[in-house]
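Colleague: Residues per chain, in single letters:
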Amino acid sequence: MWTTEQRQRLYIDHETLQREGFTQFSVYHNQVNDIYYASGYTTSSSGRRYGLYITIPSGYPYQRPLMYVTDPLPLLMRDGSKLASLGVSHYMHTLEPSTNGMVQICHWRDARWHSGILLFKVFLKGLLWIEAYEQHLANGRNLSEFVGTMAETA
Amino acid sequence: MSTNDPQQQMIRDAMQAIAQRKPGKTKLVYDKTKRTIVAVAEGSQPPRALNITADDADMFAVATLSSVWLRQNWPRLLAEGGVLCRFSSWDGGDAFTQYELGPLPSTTVVEGVISLAGPHSSYDGAVFHIDLNPIGKAVANPSEFVAPDGSAYRASGTMEHSANSIDAVFADVQPELSARRPGILETTILADKSVLFVGLGTGGAHAALELAKCGVGRFALVDRDRLSVGNVVRHPGGISQVGRLKVNVVRDLILDKNPEAKVTAHSLDLSFTSKEELRKLVAESSVVVCGTDNRQSKLLVNQLCVEANVPAIYGGAFRRAYGGQVLRVRPKVSPCHQCFVAAMPDEASNVEISSASDAADIAYSDQPVAVEPGLSLDVLPIANMVAKLALSELLQDKPSTLRVLERDYDAPWYLWLNRPEPGTPYSDWPPLSESSDEMTINRWYGIYFERDAQCPTCGEFLSGLAANYGLDLNNLDTIPGAPLVAPMAAPAEE
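In order, the protein sequences belong to chains B and E.
1 is the number of the first residue of the first sequence in the numbering used here; add one for each residue after it.
1 is the number of the first residue of the second sequence in the numbering used here; add one for each residue after it.
It is worth saying that the hints were derived from the structure and are not from the lab.
Quick caveat: nothing in here was measured; it's all calculated off a predicted structure.
Be aware that a few hints might be false.
[As the list claims (entries may be wrong)] In silico DMTMM-like links for lysine to aspartate or glutamate, alpha-carbon gap of 25 angstroms or less: (1) Lys125(B) with Asp346(E); (2) Lys82(B) with Glu347(E); (3) Lys275(E) with Asp34(B); (4) Lys280(E) with Glu5(B); (5) Lys275(E) with Glu5(B); (6) Lys275(E) with Glu96(B); (7) Lys121(B) with Asp477(E); (8) Lys121(B) with Asp472(E); (9) Lys121(B) with Glu460(E); (10) Lys125(B) with Glu347(E); (11) Lys121(B) with Asp346(E); (12) Lys125(B) with Asp361(E).
The following block holds chain B by itself, in its conformation from the complex (with noise of 0.2 angstroms):
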């Protein structure tokens, strides 16, 4: 199923988290059914702890990978109900949840994506998203008035 450049672009995600200082992420092989995925648990710095999982699509790099936050579940909001509910939100910088209510965090979307784009700069994102989050949460503010919609560069 995958092909030879694909996984060459796998193992160099994985040795990029490694060496650009996201060790507590990794990319894994499921050798039964043969799917790729990252994920790790991550500690933001207020001390709380998140999950983090990326799916591998089958077209990845050219096809963008959806990253979710698997821990805390659900994820709730200041007020107390499902962020994952809210879905497609550009205020809250999410996308399409999974079916089992996990929240996708908006990273890059499909417009934006290209295979350029290495998984750890992903991770990035998804912490720069934690912080944010974690900042609603302490003020009840919207996640796009801390991360702003990024200009895209190269």
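We have chain B already, so just place chain E on it with the hints.
Modeller: This is chain E only, laid out in the frame that chain B set:
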């Protein structure tokens, strides 16, 4: 008034001269005093009258026969003496076009008989009868037909019920179409070329039709959308085609321009799910024209074209079509679309939101995106440029006077502005009348930028990274296997 009335004889003579398109010594006029047609001898004082000319006498219907069909059915015609054929009837019976001539017939279809001159039996339901009369020698003329055995014929026709005459002409489509291109594009120079069109919106459809008119012989069309009423103000397809798949609409429009073209229509979703089908179509193409408005499909096409070493043209309008751009990619020679995205991300993201599905792709539930299509006349300059660049690629290995364009079309990226849109970097461009050496609207600019040597699609991305990090790309076993006991729940797949 007797039939020997000199006035009646003059009218008959004048009618005959008009029918033969010859000037006569007598002319017909409508005498407004008498309220009838009278004949006036040359040199005499005309009454208060309206002249009746040969053009006014264009009173007979015209039947157009397909020379290709006649040649194919000639043995049958010889054997049976006459054949009942279908004709599109246009404009209340003013014109009849043989059904087989093109793919877009009239809603009214009638039957007519084509027969060799001589006694023939009657055919039930035939509206008119065309006789093929042998002549000595044919000259290149639409009123004459040369049969496969070399014999030449001229046609004459009669309406069955009124006994009125009907003009009959022959259409030998391909030679007549090619005859309009010599000196620029030799007759069949592009017949062996194949163009894949991915995306058949206004721009893609228009470019496809332009290449059909140039004589491109093979087309593969890919799009999943259907023509809607809202499309019609921009798309070549019309109201009568609403609801049809755009690939089928454009296929028929191409065949209506170039009946000998081979066109395949593929209703495919332009996504990774159809990647293998697209890969096959790309590999069979001389050039790919990509007219989609979203980056994912463009980058997918780009990947497949670079992989297959097939040149590609990417065209698109900016927001509300205030301008547009065209990127030509010669794999491994000029920058690819991924290089373009990396070098000029803002330009690469400046696309027209021309449909609800385009808007939905980038909208959020709490921040909708408006559909903002531009005018057709603002999209067509971009589509024309796409067609010209595609044509230039198709002629790379052909002798043609158009090869001189290679000198002018040497840049990878082309920019066009329809108007100095407020809020854009082009808003303060000078008026056309005040600029001699500054950039203005309504001009094409060819712009250079470099290939990215480290491009993930056309460059040495992986090997470059491996070198930077001291990695061995043959050592793929360092990716850990999934833990037997998953440390976290995974997102459920749909």
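Colleague: A separate judgement is required for each hint: does it hold in the structure or not?
Modeller: Against the structure, the hints:
no., hint, result
1, Lys125(B) with Asp346(E), "holds (20 angstroms)"
2, Lys82(B) with Glu347(E), "violated (37 angstroms)"
3, Lys275(E) with Asp34(B), "holds (20 angstroms)"
4, Lys280(E) with Glu5(B), "holds (19 angstroms)"
5, Lys275(E) with Glu5(B), "holds (16 angstroms)"
6, Lys275(E) with Glu96(B), "holds (23 angstroms)"
7, Lys121(B) with Asp477(E), "holds (23 angstroms)"
8, Lys121(B) with Asp472(E), "holds (22 angstroms)"
9, Lys121(B) with Glu460(E), "holds (20 angstroms)"
10, Lys125(B) with Glu347(E), "holds (23 angstroms)"
11, Lys121(B) with Asp346(E), "holds (20 angstroms)"
12, Lys125(B) with Asp361(E), "holds (21 angstroms)"
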